[in-house]
Each structure stands twice: as C-alpha cells, then as structure tokens.
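Asks: Each chain, letter by letter, is given below.
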Amino acid sequence: MVGLNRREALALGGAGFLTSLMFDGGALAQTSDKLTIAFNVNLPAFDPTVGPSSVNPTIQAIYRSIFDQYIGQDVDLSLAPGLLTKWGWNDDKTQVWMDVREGVVWHDGSAFTPDDVVWSIERAGDPKGGNPVAFVWASLANFKVEGHRITADCKNFDPTIFKWMAFLTGYVLPKAYYIKVGADGFEKKPVGTGPYMVDEYQGNAFLRLKRNDKYWGPKPAFETVIFKFVPDSTSRVAEIESGSSDVTLEIPYEEYDRLKAKSGLSGVCKPVTDIGMIFITNVEKEMLDSNVRLAAIHAIDKNLIAAKLLRGYATPIDTLEATGYEAFDASVKTPYDPELARKLLAASGYSTEKPVKFKIQTTRGFKPKDYETIQAIVGMWRKVGINAEIEVYEVAKHYELRAGHKLAPMAFYNWGNAIGDPTTSTGFAMFSPSPHSGWKGKDLDDMIGPLWGEKDEAKRIAGWKAVDKYIAEKGYVIPLLQYSQPIVFKSSLKVTANGTGALQPTLVAKA
Amino acid sequence: MTFGILRRLGMAAITLAGVAVTIFVLLRVVPGDPIAMMISPGASQADISALRAHYGLDAGVAQQFATWVRDLVRGDFGVSISLHRSVFELLGERLPATLELAGASLLVAILIGGATSIFAVLMSDYGVAALVDTVNGLFLAVPDFIWALLLVLAFGVFAPVLPLSGRIDPSLDIPFATRFYLLESLLTLRFAIFWDVCKHMIMPTLALALPLASVITRVLKESLREAMVQDYVLLARLKGKSQLHLVLQEALRNAIGPTLALTGVQFTFLIGGSVIIERIFSYPGIGNMAIDAVINRDLPLIQGLTLMFGALFIIVNLTVDLLVVSANPRLRHG
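In order, the protein sequences belong to chains A and B.
Note that the working numbering has the first sequence beginning at 1, numbered continuously upward.
Note that the working numbering has the second sequence beginning at 1, numbered continuously upward.
Keep in mind that the hints were calculated from the coordinates and are not lab data.
C-beta atoms are modelled at their ideal positions from N, C-alpha and C, and glycine is treated no differently.
A hint or two may mislead.
The calculated label-pair distances, taken between Cβ atoms and stated as ranges, are [as the list claims (entries may be wrong)]:
1) A346/A - T22/B: 49 to 59 Å
2) K189/A - Q45/B: 48 to 58 Å
3) K262/A - V30/B: 40 to 50 Å
4) F65/B - S492/A: 51 to 61 Å
5) L111/B - G109/A: 45 to 55 Å
6) L16/B - F157/A: 51 to 61 Å
Among the chain A residues that face chain B by a calculated CB cut under 8 Å, a handful are [to be verified]:
7) N42
8) V55
9) Q202
10) I226
11) D232
12) P316
Using the sequences and the hints given, assemble the complete structure.
Replies: Now the structure itself:
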C-alpha cells in the first residue's frame with residue numbers, strides 16, 4: 001500500500017485541481033453566436049396570460065421571444081401578421097373572422113392548429129382563470145373552425161379586440177401540452193411557437209434561450225440568447241461597460257450619454273409608448289376650480305424639464321395621446337404661460353402671497369427623474385401662486401389609491417400604451433367607471449361612453465380627438481412627457497428600437 | 001441540557017407562531033393590494049373581483065388566516081401570486097444559494113477578522129494596534145452595499161476579472177442534483193464549475209464579509225488583549241513560550257466565547273443583509289426573491305419567506321448557544 005503524507009496529499013489535490021481546470025475548461029467556452037442582454041427586470045413566470053408579469057410591459061420582450069401573439073406588431077406599433085395571417089369583422093360587425101397560419105409547429109414538435117387559438121382565447125376569457133383582462137377575451141364567443149378560418153360571435157363589439165391580440169396577454173399557448181402538464185408543468189418547461197426556445201432558467205439570475213430552427217418567421221440572428229436579470233441600474237452599466245453583456249437598456253440618461261461616447265459602444269434612444277402624467281382627482285374643492293387646474297398646467301415648462309432634467313430624451317405632450325398614437329392631434333396645445341397662470345389664479349383669489357395649497361404624490365426612482373420632475377414642477381408652481389406639498393408613494397400604493405378614487409388632488413404616474421389606441425390611454429384614464437381614472441365627471445363620460453362601441457373607425461378616432469381637446473380645455477389631467485428608452489450595445493451589433501419599448505432579441509442583429 | 005434544548009425549541013415554536021400572526025396581519029393592514037398590482041388598463045370592477053376570488057383574497061382576514069394555517073400544518077405554504085409556483089418549492093430552490101453565500105461570507109469574515117485580531121495582538125508592541133483600529137473603524141463605517149458597488153467598480157469595470165451577476169456562467173449547462181452548487185461541484189470534483197461558482201461568489205461574499213470581519217476584529221482583539229494579561233498567560237510567558245503560542249494556544253480559547261456568540265448573531269444579520277447584496281449582484285437567493293415578492297405584493301411568498309427567515313434566525317441562535325456552551329466548560333457544567 002502506498003502511503004501519502006499530508007504534504008504529498010495536498011500536492012496531489014492541487015495537481016488534480018489544475019488538471020481538472022484544464023480539461024473541464026471546454027465547458028466554460030463562450031458561444032460565439034451568442035447575445036447577452038443585461039435586462040432590467042426579472043422574469044417571474046412563463047405563462048404570459050396570468051399574474052402580475054402578464055401585464056408588465058417590459059417583460060413582453062421575453063414573452064414575445066418564446067411565444068407568438070395572435071397578431072404581431074411592428075416597431076412603429078402597426079399590426080402585422082402573427083399566428084393569424086388575416087383578420088377582420090363581418091359587415092355588421094357582429095362576428096370576427098381569423099385566418100390561422102399554416103405549417104407552424106410548437107417547440108415540442110407538435111403541430112399548431114386553430115384549436116390552440118380557440119382554446120387560448122376561451123381560457124383567457126374565463127373569469128376564473130386569473131387573466132387580468134379576461135373581460136377583453138370574454139367578448140368573443142361561439143367559436144367555429146372551418147379549415148384554417150375561425151369565426152366567433154362578438155358578444156359586444158370591441159373595436160380594439162384585434163389590437164389586444166397584439167397586446168397584454170394576447171398570446172397563443174399549446175392546448176394539448178398545457179392540458180397534459182398543467183400550470184405547474186408549464187412553468188417548469190414552457191412551450192411556445194416563438195423564435196426562441198427555453199433552454200435554462202434561473203429566476204432572478206438569467207434565462208437562456210436557444211434558436212427555434214423551425215420558426216415560421218425570419219431566422220433569428222443568434223443561436224443563443226441570454227437574458228441576465230439585472231434590476232440594479234448601476235450593475236447594468238457595469239455589465240455593458242465591462243463587456244459582460246452585449247446590450248442593456250433603461251439606464252440613467254447621464255450614463256447613456258457617457259457610454260455611447262465610448263469606443264466599442266453605441267446607443268439608441270427613441271421615444272416609446274410610455275408617458276409621464278399627473279392625475280387630477282375631483283375630490284377636494286381646490287381641484288374643482290378650473291382656474292387652479294389650468295393655471296397648474298400653464299405654469300409647467302415641459303420643454304425645460306425635458307431638456308435639462310431628462311437631457312433631451314423626452315418629448316413634451318399636451319394630451320394623453322403621444323406621437324405615434326392613433327388619436328394624436330398636434331393642434332391641441334397647452335403652452336407654458338406663467339403670466340396666464342397668474343391671471344387664472346388671481347381670478348380665483350390666489351397669488352404668490354396667498355397661494356392655493358394642495359398635495360401632490362409622486363413615485364421616486366420608478367421612472368427616470370420622476371421625483372426631480374415633480375420637484376421642478378412644484379418650484380414652477382410656487383412662482384405663480386401654487387404651494388404644493390410633495391408626498392412620495394410606492395407604485396403599489398398608487399394603484400390601490402387610484403382604484404379607490406383616493407389619490408391626492410394631484411398624483412404623478414406613468415402610463416404605457418403599447419398599442420397606441422385612445423381607449424387604452426385617454427379612455428381608461430379618464431372614464432369614470434374605469435378603476436384607473438382620476439377625474440370622474442359626467443360631461444366626460446357622456447362624450448366617452450358612445451366611443452367604446454363605435455363601429456366607424458374614422459368617427460371613433462375623431463371622437464377621441466375631440467375628447468382629448470375637451471380635456472385639455474378643461475384641465476382634467478396634466479400630460480407631461482413621452483419618455484425615450486436608452487439602449488446601449490456593442491458597436492458590433494445593430495439594434496432596432498421598438499416603439500413599445502420591448503427589447504426583443506429579434507430586433508438585435510450583427511452589424 | 002436536554003431539558004434546556006426542549007425548552008428552547010418550545011420557545012422557538014411560540015416565536016414562530018407569533019411571527020406568523022404578525023406578518024399575516026401586517027400584510028393585510030399596510031397599503032399595497034396584490035390585485036391592484038395586476039390591474040391592467042381596461043380591467044372592470046368585475047374583473048378585479050374575479051381576480052380577488054381567484055387568489056383567495058375575497059374572504060375575510062380571519063378566514064384567510066384560518067385557511068393559511070390549515071394549509072401550513074399540511075406543509076402547504078400556498079402558491080406564489082407572481083411566480084405561479086408552490087412557495088415551499090421556491091424556498092427550497094433559493095435557500096441553498098443564500099446559505100452558501102452567507103456561509104462563505106461568514107467563513108471569510110472569520111478568517112479576515114481572526115487573522116487581523118491575532119496580528120494586531122502579536123504586533124501590539126510595535127504600535128500596529130492603532131493602525132488596525134483606524135482601518136477597522138473605516139471598514140466598520142462602510143455598509144455592505146457600498147462595498148458591493150465599490151467592488152463592482154473595481155473588479156467589474158476598471159479591472160473586469162470577475163463576473164458581475166448571477167451564480168454561475170449562464171452559458172454553462174447546470175448538471176446539479178442539488179441547489180448547493182458550490183458544495184456539490186466540490187464534492188463531485190468538477191473543479192472548473194467549482195471555480196466558476198467561486199468567481200461569481202467572490203464579490204458578493206466580500207461585500208457581506210468585510211463589515212462583519214471588522215466587527216469580529218474589534219471584539220476578538222479586545223477579548224485577546226484582556227486574556228493576554230491573565231495569570232495563566234503570564235505563567236506560560238514565564239515558561240518561555242513564544243508570543244504566537246501565547247495568543248493561539250493560551251489566550252484564544254478563552255477569548256473566543258464572546259466572538260462566537262456575536263458571530264452567531266451577526267450571521268442572522270448576514271442573511272438579512274443578503275437581500276440588498278443579492279439584488280446588486282443578481283444573485284438568485286431568497287433575498288433577491290424577497291424584494292420581488294414585496295414589489296409585487298406577493299402575499300403567500302412574503303409570508304413563506306418571513307416564516308423561513310424567522311426559522312433560520314431561531315435555528316442559528318440555538319446552534320450558537322449550544323456551541324458557546326460546548327466551548328466553555330463552566331457553562332456546560334453550570
């Protein structure tokens with residue numbers, strides 16, 4: 001028997017360690033055809049139709065990589081064929097028809113069929129199923145499948161139903177597979193028809209995707225895509241600066257300017273469908289005075305805030321319809337006019353010596369410079385005779401207060417509207433029965449009510465433009481800015497900015 | 001001693017029950033409705049009610065509590081609202097990562113703190129103690145998350161030699177039977193993977209360990225100083241024993257008690273402190289998951305995490321008490 005003393009045993013262990021490093025090193029080899037994205041949020045769950053993540057706009061970038069939506073969406077927000085190649089209503093708009101794409105296969109190799117589409121819509125519309133927008137999907141019923149065409153009755157006409165098919169929870173899931181494995185099994189091994197397949201997932205750390213070589217659409221540029229979940233913006237900056245990641249997004253604008261100037265890095269920062277706004281609630285008497293509301297609007301120099309605080313990466317807006325939205329109307333203006341603000345306040349007996357007082361709530365760090373923006377606004381108001389007290393709240397509290405119509409007289413919030421339809425911006429933010437509205441008034445409801453079911457599209461959009469103009473004249477809300485999304489990437493790549501803000505790997509290519 | 005342990009276990013059960021009641025009631029009193037977090041534009045009141053019913057939040061608080069306790073007794077911690085998975089499973093998946101991080105941090109802190117204190121006592125005649133005190137004070141004053149950011153800048157940006165995020169290289173396949181990556185890769189002699197896991201742990205471990213190391217240094221150094229003037233040390237000195245022998249063989253064993261007790265308490269804080277550190281380094285432990293749970297107002301997950309944190313604190317404190325007793329014969333027989 002060979003005996004080893006302690007020294008020899010240690011030496012042998014060390015040699016083994018080094019040998020192991022040399023021979024196992026291949027396992028650590030980097031894939032050249034790989035894209036690593038330092039992503040700003042964690043992916044909590046894979047089912048894109050239930051739970052909080054299903055209505056989180058940022059996470060749609062991941063969902064769109066694994067699953068396909070009923071209808072696709074181009075970067076300019078326009079609808080494009082997805083798993084449905086054509087769609088529409090019958091003449092009297094009591095029925096919808098949808099043509100389902102042929103030759104598509106699920107990631108597990110099984111065939112995609114119209115049954116999957118019908119099952120997905122019915123499941124989403126089940127009020128007990130946990131879909132946060134079940135009411136949208138429940139508007140369709142009595143599905144019939146003939147070949148690759150599906151028809152369904154409209155229980156109530158919803159002019160935005162096809163837009164929702166490219167929006168939140170509008171994903172097709174595999175009927176047979178989901179029924180077989182159940183919700184838990186689906187979370188462990190999700191299957192979609194999207195351009196990438198799930199290869200490995202570690203919650204709060206990373207998601208590794210592999211290219212779906214049987215994808216029906218354009219071949220994705222990368223064999224492997226890794227989403228690193230890096231919620232801390234400082235760490236995301238370090239990820240891209242150190243070269244550990246190829247792309248990152250949603251970093252402070254100051255860092256964006258610094259990084260894109262560095263050799264080997266490039267940047268793109270385009271407006272997305274995300275706006276900053278101030279809800280006005282008609283609960284306290286000060287807000288019932290139109291002079292106060294309008295003065296508050298005219299006293300804000302949005303251009304200054306956009307230029308100085310947000311370094312030019314924001315676009316001032318005058319209605320809740322941002323550039324690119326269907327009901328955007330450039331003719332509606334609420335200009336910065338402090339003199340007018342002073343006159344309006346004077347008409348109601350207020351001045352800098354005797355200011356009107358109220359509270360304004362804001363998030364802090366939820367959106368770029370949100371708190372600083374409100375600080376600047378409060379400073380501008382003070383100069384004309386408005387003394388606002390700032391209260392910082394969490395976004396969760398905002399939701400709760402808003403749903404209970406208990407927001408402060410003014411409350412800052414950001415509103416996303418990836419499909420750019422007026423119902424999902426002005427509609428839900430300003431219509432009294434909506435749990436999301438701040439201002440609740442019969443005059444507005446009378447204007448908005450008929451538009452929900454308006455079948456003439458041109459008339460519908462014109463109607464929403466009129467509503468937006470009326471809101472601006474009455475000062476029922478304070479639209480502030482449309483945000484731009486900073487994306488920094490290695491110069492060896494080419495990134496196409498998405499109007500929705502969803503940084504899908506399919507929008508990244510080799511330069 | 002057995003009676004003492006049983007009594008402590010009984011107290012632990014009562015404490016845990018208290019934690020359960022407190023967190024359950026608190027979560028339902030403080031603002032932040034989990035349903036409000038998932039109401040998308042367009043959701044009607046009926047949709048909100050349906051969601052509330054779907055997640056079992058439509059019942060009264062007392063009924064919700066009764067259901068939760070009944071399920072807990074059956075070993076069912078509920079299903080996470082945001083992650084759509086069993087809370088029990090999730091805790092089991094994430095806890096090993098945090099335990100490995102906290103364990104490694106504790107080890108590093110003990111090594112740094114122990115070595116520094118011994119060095120300071122050995123060199124006390126050369127005026128080194130003052131320098132150690134000054135540097136130690138600096139380390140004590142800097143919180144762990146600042147260390148984390150400094151480390152990110154130093155080893156992630158200026159000299160990018162260490163990975164900035166995660167627990168393992170995302171390019172690697174992860175052929176693990178358990179979630180204890182560090183231990184398993186070491187025990188199965190897969191040194192390349194072990195080294196990769198180590199590399200990912202260096203920065204978060206240091207960020208957690210440095211403040212704790214300075215606490216250990218401060219306490220151990222003082223304990224050693226006191227022990228070094230005791231009669232038995234003087235006797236050993238008179239026998240001609242070296243300074244190193246006096247510190248390691250004579251003083252350390254008697255001086256270790258307070259440090260051990262303190263380290264145990266600090267270990268529980270270490271697990272608590274991992275919340276921010278795991279976030280900064282995207283480390284997939286329970287701390288990182290806890291932040292998301294709070295952001296999403298994921299009540300079942302927050303409840304499960306709090307109970308688990310409570311249980312961990314109790315277990316660690318109990319273990320430390322036993323260690324202190326076993327290390328000190330006077331306590332053992334007292």
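Asks: Each hint needs a verdict: does it hold in this structure or not?
Replies: To see whether the hints hold, each was checked on the structure:
no. : hint                        : result
1   : A346/A - T22/B: 49 to 59 Å  : 54 Å, holds
2   : K189/A - Q45/B: 48 to 58 Å  : 36 Å, violated
3   : K262/A - V30/B: 40 to 50 Å  : 44 Å, holds
4   : F65/B - S492/A: 51 to 61 Å  : 57 Å, holds
5   : L111/B - G109/A: 45 to 55 Å : 53 Å, holds
6   : L16/B - F157/A: 51 to 61 Å  : 55 Å, holds
7   : N42                         : 6 Å, holds
8   : V55                         : 4 Å, holds
9   : Q202                        : 5 Å, holds
10  : I226                        : 5 Å, holds
11  : D232                        : 5 Å, holds
12  : P316                        : 22 Å, violated
Checked against the numbered hints above, the structure breaks hints 2, 12 and satisfies the rest.
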